[in-house]
Amino acid sequence: MVKGRMLQGARAMAEMCALCRPKVISAYPITPQTLIVEELSQIVADGDLEAEFINVEGEHSAASVVLGAAAVGVRVFTCSSSQGLLLMSEVIFNIAGMRLPVVMICVNRSVSAPLNIWNDQQDSIIMRDSGWIQLYAENNEETCDLLLQAHKIAEDHRVMLPAMVCCDGYVLPHAYEIVDLPSQAEVDAFLPPYDPIYKLDIDNPTTMGAFADPEKYMETRYMIQETMKKSLSVIEEVARDFGSSFGRSSYGLFEKYRVDDASTVVVALGSMAGTIKDVVDELRDQGEKVGILRLICYRPFPKEALYEALSAAENIVIMEKDISLGGSGAVATDMRAVFYGREACPRISGFILGLGGRDITVDDIKTTISKAQHQVADADFVGLKEDLELEGING
Amino acid sequence: MVKVEERDKFNDHLLASGHTACPGCGQSLAARLVLRAAGRNVMVVNSTGCLEVFSSKYPESAWEVPWIHSLFENTSAVAAGVEAALKITGQLDRVRVIAQGGDGSTADIGLGAISGMLERGHDVLYICYDNEAYMNTGIQRSGSTPYYARTTTSPPGKVSLGNWRPKKDVPQIALAHGIPYVAVASVGYPMDLDRKVRKALSIRGPKYVQIHVPCPLGWGTDPARTIDFARLAVLTGLYPLYEVENGELRALKIPKKVPVEEYLKEQVRFRHLFGKEDRSKEIAEIQSIADQNIEKFGLIVK
Chain A
2 MVKGRMLQGA RAMAEMCALC RPKVISAYPI TPQTLIVEEL SQIVADGDLE AEFINVEGEH
62 SAASVVLGAA AVGVRVFTCS SSQGLLLMSE VIFNIAGMRL PVVMICVNRS VSAPLNIWND
122 QQDSIIMRDS GWIQLYAENN EETCDLLLQA HKIAEDHRVM LPAMVCCDGY VLPHAYEIVD
182 LPSQAEVDAF LPPYDPIYKL DIDNPTTMGA FADPEKYMET RYMIQETMKK SLSVIEEVAR
242 DFGSSFGRSS YGLFEKYRVD DASTVVVALG SMAGTIKDVV DELRDQGEKV GILRLICYRP
302 FPKEALYEAL SAAENIVIME KDISLGGSGA VATDMRAVFY GREACPRISG FILGLGGRDI
362 TVDDIKTTIS KAQHQVADAD FVGLKEDLEL EGING
Chain B
77 MVKVEERDKF NDHLLASGHT ACPGCGQSLA ARLVLRAAGR NVMVVNSTGC LEVFSSKYPE
137 SAWEVPWIHS LFENTSAVAA GVEAALKITG QLDRVRVIAQ GGDGSTADIG LGAISGMLER
197 GHDVLYICYD NEAYMNTGIQ RSGSTPYYAR TTTSPPGKVS LGNWRPKKDV PQIALAHGIP
257 YVAVASVGYP MDLDRKVRKA LSIRGPKYVQ IHVPCPLGWG TDPARTIDFA RLAVLTGLYP
317 LYEVENGELR ALKIPKKVPV EEYLKEQVRF RHLFGKEDRS KEIAEIQSIA DQNIEKFGLI
377 VK
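First to last, the sequence lines map onto chains A and B.
The end of the first sequence is residue 396 by this note's numbering, with every number in the run present.
The end of the second sequence is residue 378 by this note's numbering, with every number in the run present.
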């Protein structure tokens, strides 16, 4: 382990990507993902990683290139954000249906219009139905740790599904933090070469991507759904292995921070958890029983583990950077489904914060927690600017 | 050199019988000829379309070579990924990559990905089976549909005479990328087709081969006469067969000019040009396309 290097997040992620030894990398530039692929290009150009780096003409092709390479049986990597991920979306679903263990980083960014290059998590949340495992990181080191684990999870023969590691745009890859990266030998010991179950091979011809009529299609969805459920234990197992191999904790499905005796538990994904932890500490000092459960694994959604972790709480306060317009926040919707019809029945409130890079302040978080003590909120927007001319829009 | 008959016996069924193509399908015949020429050491990336659907319904497959289908428009990018993986794992010296699709996936929805693949120099042979419309979805107009042809989305009507534009010239677009080999072939000329596929696969880098394949269902032609129509398209000059290898053009000569009416009149897709109304002006326009091809490619020995 190389201890304590001050690295820009993107550099750390690129180095970790290279340590995982992907054979084919393909990407198309989009802010704020670009720093990562620029760094990776340099690593390949310097001969420090033996890989084909394919600069494509768009994200649809970036995802398609790694799909094709994965079908030949090599480890692959791609990376995108926002509109790029949306352009990929057709291929994203296709990769999962073809059961190819592609790994990518989504540098989370809002979705246009209006054009906005800053962070929220709408882009990856849209992909929640695609059959990809989704892991959300709080900081740069965790993004790197999850990237390494994602390859191992995706390529596990019990899983064979693609995995997306999500990190908050600008907040993480553009920030300098102290990061401990493992050595090549440590990574190699943790992550063996990809051993495909099926691949394109002239000595053993197979047909991949066959079409399925109504007698067959539904079973393919069922199999992915069942694999998703079973992969929860693989994700936990890989996190435990990571902990014992690298001597630092990796939380698996979620991280609980001062949750066990809490009457109010905030649930959030990604980097905003850092600010929320500070607020939790402050409120604890004032005697309030507050905690935060930081969800790392959003797909598969760890329903039973969440029920167990949160059933003693009175209030669950979901803070999320996405909105299903006309509906609710995606995480809140999923969370309500966990408790509906069950014995434990905490009050569940959903709040929308930080869209398009809006700052999430300590005051925002305090206000939100306090609001949830008195009412059940559903998709309440927090931190709106009062000077917006909403009247005109609302008619 | 291995005799053609012996080679054919070995490779004739790499696209096996038993698939569900229509009777008289020009595409299925051409695809079988392509594989026969290519042999077993190929990986085929296939776009969505008739060829994919009639050959790969799970749990059956007509493909006796490694074959992958992903989506409609990304075939060239998937093939680029296959090639990159073969390259980095040292297999590219013994495995060739073929990307193939219909004219809709080639001239229209997949053109960007094809351009990217050609421009980046991947060692991939792209094959377009050109039956001049979206046949798999029910005969809709593509960029490759010829002038005045009836399709379900370019129907003749009170103010229309069918497709209002001449077909897109994708081989010339491919050539503009400066790639080493571009060829136009026809299922009506199987030996020429065989030679062009073999030639293409002997060259490193990106190659583009477009094959004219009549579609009895979409064209409204007799399934028993697929080869006749393929040949007539060539003999009229409407579908010039040529190849450009490192900038040098060679065209397949035709013995004498056959008037375009001979090709058009028995196809339902052109029937509206032969009704009560006088459409000699429109037929003359089509004839002029053929004449220009004959001139441009030197199709007739003077």
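Treat each hint with caution, since some may be false.
[What the hints assert, rightly or not] With a straight-line cut-off of 27 Å between C-alpha atoms, the simulated DSSO-like cross-links for lysine-lysine are: (1) B:LYS244 with B:LYS163; (2) A:LYS217 with B:LYS133; (3) A:LYS200 with B:LYS133; (4) A:LYS372 with A:LYS290; (5) B:LYS163 with B:LYS133; (6) B:LYS163 with A:LYS200; (7) B:LYS275 with B:LYS163; (8) A:LYS290 with A:LYS4; (9) B:LYS243 with B:LYS357.
[Unchecked claim] Computed footprint of chain A on chain B, listed as stretches where at least three residues anywhere in the stretch have a Cβ under 8 Å from a Cβ of chain A: (10) 108 to 118; (11) 180 to 192; (12) 224 to 232; (13) 303 to 310.
Since the hints were derived computationally from the structure, they do not count as laboratory data.
Treat the numbers as computed from the prediction; the structure is a model and nothing was measured.
For glycine and all other residues, C-beta sits at the position ideal for the given N, C-alpha and C.
* Earlier hints that do not hold, by number -> Result: hints 1, 5, 8, 12 and 13 break, sorted rising.
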